[in-house]
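Spelled out, the chains give:
Number of protein chains: 4
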Amino acid sequence: MPKIFCLADVCMVPIGTDSASISDFVALIEKKIRESPLKSTLHSAGTTIEGPWDEVMGLIGEIHEHGHEKGYVRVHTDIRVGTRTDKHQTAQDKIDIVLKKISQ
Amino acid sequence: MPKIFCLADVCMVPIGTDSASISDFVALIEKKIRESPLKSTLHSAGTTIEGPWDEVMGLIGEIHEHGHEKGYVRVHTDIRVGTRTDKHQTAQDKIDIVLKKISQ
Amino acid sequence: MPKIFCLADVCMVPIGTDSASISDFVALIEKKIRESPLKSTLHSAGTTIEGPWDEVMGLIGEIHEHGHEKGYVRVHTDIRVGTRTDKHQTAQDKIDIVLKKISQ
Amino acid sequence: MPKIFCLADVCMVPIGTDSASISDFVALIEKKIRESPLKSTLHSAGTTIEGPWDEVMGLIGEIHEHGHEKGYVRVHTDIRVGTRTDKHQTAQDKIDIVLKKISQ
Numbered sequence: 001m002p003k004i005f006c007l008a009d010v011c012m013v014p015i016g017t018d019s020a021s022i023s024d025f026v027a028l029i030e031k032k033i034r035e036s037p038l039k040s041t042l043h044s045a046g047t048t049i050e051g052p053w054d055e056v057m058g059l060i061g062e063i064h065e066h067g068h069e070k071g072y073v074r075v076h077t078d079i080r081v082g083t084r085t086d087k088h089q090t091a092q093d094k095i096d097i098v099l100k101k102i103s104q
Numbered sequence: 001m002p003k004i005f006c007l008a009d010v011c012m013v014p015i016g017t018d019s020a021s022i023s024d025f026v027a028l029i030e031k032k033i034r035e036s037p038l039k040s041t042l043h044s045a046g047t048t049i050e051g052p053w054d055e056v057m058g059l060i061g062e063i064h065e066h067g068h069e070k071g072y073v074r075v076h077t078d079i080r081v082g083t084r085t086d087k088h089q090t091a092q093d094k095i096d097i098v099l100k101k102i103s104q
Numbered sequence: 001m002p003k004i005f006c007l008a009d010v011c012m013v014p015i016g017t018d019s020a021s022i023s024d025f026v027a028l029i030e031k032k033i034r035e036s037p038l039k040s041t042l043h044s045a046g047t048t049i050e051g052p053w054d055e056v057m058g059l060i061g062e063i064h065e066h067g068h069e070k071g072y073v074r075v076h077t078d079i080r081v082g083t084r085t086d087k088h089q090t091a092q093d094k095i096d097i098v099l100k101k102i103s104q
Numbered sequence: 001m002p003k004i005f006c007l008a009d010v011c012m013v014p015i016g017t018d019s020a021s022i023s024d025f026v027a028l029i030e031k032k033i034r035e036s037p038l039k040s041t042l043h044s045a046g047t048t049i050e051g052p053w054d055e056v057m058g059l060i061g062e063i064h065e066h067g068h069e070k071g072y073v074r075v076h077t078d079i080r081v082g083t084r085t086d087k088h089q090t091a092q093d094k095i096d097i098v099l100k101k102i103s104q
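Chain order of the listed sequences is R, A, P and D.
Under UniProt numbering, the first residue of the first sequence is numbered 1, with each subsequent residue one higher.
Under UniProt numbering, the first residue of the second sequence is numbered 1, with each subsequent residue one higher.
Under UniProt numbering, the first residue of the third sequence is numbered 1, with each subsequent residue one higher.
Under UniProt numbering, the first residue of the fourth sequence is numbered 1, with each subsequent residue one higher.
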C-alpha cells in the first residue's frame with residue numbers, strides 16, 4: 001500500500017436517507033475523522049485530511065464502513081487528492097501562500 | 001438561465017504550466033472571485049461560492065476565460081454544487097450545524 | 001455569460017430519497033440531457049456534455065430545477081469541466097488518442 | 001484496510017507538464033490500470049475501477065507513485081467513489097438499468 005504523503009479533500013453524502021438534512025451523517029463522520037491521528041480541517045463542502053496515502057484512504061474507507069454499520073445503506077464520496085515530489089506542503093501552507101500573493 | 005440559489009465548491013488547476021507550483025494561478029482566480037459581488041470562502045482545496053446558479057456558473061466560466069487571457073492554455077476544474085428546496089442554507093450554516101452536533 | 005467551448009462530466013445524485021436506488025432519478029436527468037441539442041455520452045459514473053459554457057451550465061442548472069419540480073428536495077452534483085485554447089477536442093477525441101497510445 | 005466493494009471513478013491530471021496535452025500521462029496510467037486484476041472502464045473524463053476498497057485505493061496510489069517515478073512532479077486526482085450494502089452492483093449494471101428506464 002503506497003505511503004506517499006497526500007492532501008485529500010473529502011465530501012461524503014449518504015444516499016437514501018429519507019430526510020434531505022444530512023448533518024447527523026456529517027457529524028458522525030467528522031467525529032470519526034477527528035478521532036484519527038491524521039490532521040484534518042473541516043469546511044462547508046468537505047474535510048481536508050493530510051497524511052500517508054494508505055492511512056488517509058484507509059480512514060475514508062473505514063468511515064464508509066462505519067456509516068453502513070450505523071444504518072446508512074449507500075455512501076457517495078468525492079475525493080480531490082494530490083501528491084507531489086518537489087516539496088512538502090500542508091493544507092495551511094497552500095492557503096498562506098495564496099493569501100500572501102493576493103495581498104501583494 | 002436558472003437562478004436557483006446554489007452552493008458551489010470550486011477547485012481549479014491549470015494544466016501545462018511548466019512549474020508544479022500553481023499559487024500564482026490560484027491567487028489570480030481568487031482575486032477575480034473576491035471582486036465579484038458573490039459571497040465566497042477560500043479553503044486549502046478550493047473556494048466555496050454562494051449565489052444564484054447563473055451568476056455562480058457565469059463567474060466560474062469568466063475565470064476560465066480570464067485564465068486563458070493571462071496565458072493559461074488549459075484549465076481543469078472540479079465543482080461540487082448543491083441546490084435544495086426545503087430551506088435556505090449558507091456555507092457557514094452548514095459548518096455551524098455540524099460543529100454543534102459534534103460538541104453534543 | 002461565457003461561451004467558451006467546454007467538456008463537462010456531470011455526476012448528479014439526489015439526497016433524501018428514501019430509497020438507495022436512484023436509477024429513476026438518473027433516467028429522469030439523462031432524458032433531459034438527451035432532449036437538449038448538446039452532444040452527450042453516458043457512462044457508469046456520470047454523463048459527459050460538450051458545448052458552449054453557458055449552454056452546458058444552463059442545462060445542468062435546468063436539470064436541478066427539473067429534479068426539484070419532480071419532487072427531489074435536494075440535488076448534489078459533481079462536475080469536472082475543462083477548457084483549452086490550444087486546440088478543439090471532443091470527448092471522443094480524448095478517448096481515441098489515449099487508446100492509440102496504449103496500443104503502440 | 002477496508003475491503004468493502006466499491007466503484008471508483010478516477011480522473012487524474014499531471015500539474016507542471018510544460019505541454020497542455022496530457023494524453024501521454026493518461027496512456028501511462030491507463031496501461032497501469034489495465035495491468036491490474038481489477039475490472040475497469042475508460043471514458044473521456046476518467047476511468048471507473050471496481051473492486052475491494054483496499055485494492056482500488058492501493059492501485060490509485062501506486063499510479064501516483066508510478067507517475068512520479070516517470071518524472072511527473074505533481075499529480076492531481078478526482079475520485080467519485082460509492083459503496084452500498086443493499087445489493088451488489090457493477091458499473092455495467094448501473095448503465096443497463098438507466099438505459100432500460102429511458103427506453104420505457
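Please note that a few of the clues may not be correct.
[Said to hold, decoys possible] Pair by pair, the computed Cβ-Cβ distance ranges are:
| hint | chain 1 | residue 1 | chain 2 | residue 2 | range |
| --- | --- | --- | --- | --- | --- |
| 1 | A | 66 | R | 71 | 44 to 50 Å |
| 2 | D | 52 | A | 70 | 41 to 47 Å |
| 3 | R | 104 | A | 87 | 38 to 44 Å |
| 4 | R | 92 | P | 103 | 42 to 48 Å |
[What the hints assert, rightly or not] From the structure, some residues in chain D lie toward chain R, with a derived Cβ separation under 7 Å:
| hint | residue |
| --- | --- |
| 5 | 74 |
| 6 | 84 |
| 7 | 88 |
[Stated by the list, open to error] Covered stretches of chain R, going by a simulated chain P footprint (3 or more residues, C-beta under 8 Å):
| hint | stretch |
| --- | --- |
| 8 | 22 to 31 |
| 9 | 47 to 59 |
No lab work stands behind these hints: they were computed from the structure.
By construction, the Cβ of each residue, glycine as well, lies at the ideal position given by its N, Cα and C atoms.
Chain R contact restraint for residue 84 of chain D - C-beta distance below 7 Å: Interface hint status for residue 84 of chain D: holds (4 Å vs cutoff 7 Å).
Check of the stretch 47 to 59 of chain R against chain P for coverage (Cβ-Cβ below 8 Å, three residues minimum): As far as the stretch 47 to 59 of chain R goes, the hint is violated, because 0 residues have Cβ atoms under 8 Å from chain P.
Pairwise beta carbon distance, residue 66 of chain A to residue 71 of chain R, judged against the given window 44 to 50 Å: This hint holds: roughly 46 Å between Cβ atoms.
Status of the hint placing residue 74 of chain D at chain R (closest C-beta pair under 7 Å): At 4 Å from the nearest chain R Cβ, residue 74 of chain D passes the 7 Å test, so the hint holds.
Coverage of the stretch 22 to 31 of chain R by chain P, judged on three or more residues with CB within 8 Å: With 1 residues closer than 8 Å to chain P, the stretch 22 to 31 of chain R misses the three-residue bar; violated.
Pairwise beta carbon distance, residue 92 of chain R to residue 103 of chain P, judged against the given window 42 to 48 Å: 45 Å, holds
Hinted contact residue 88 of chain D with chain R - closest CB pair below 7 Å: 12 Å, violated
Whether the CB-CB distance between residue 52 of chain D and residue 70 of chain A falls inside 41 to 47 Å: Cβ of residue 52 of chain D to Cβ of residue 70 of chain A: about 44 Å, so the range 41 to 47 Å holds.
CB-CB spacing for residue 87 of chain A and residue 104 of chain R relative to the 38 to 44 Å hint: 40 Å, holds
Figure legend: structure checked against the earlier numbered hints; hints not met, in rising order: 7, 8 and 9.
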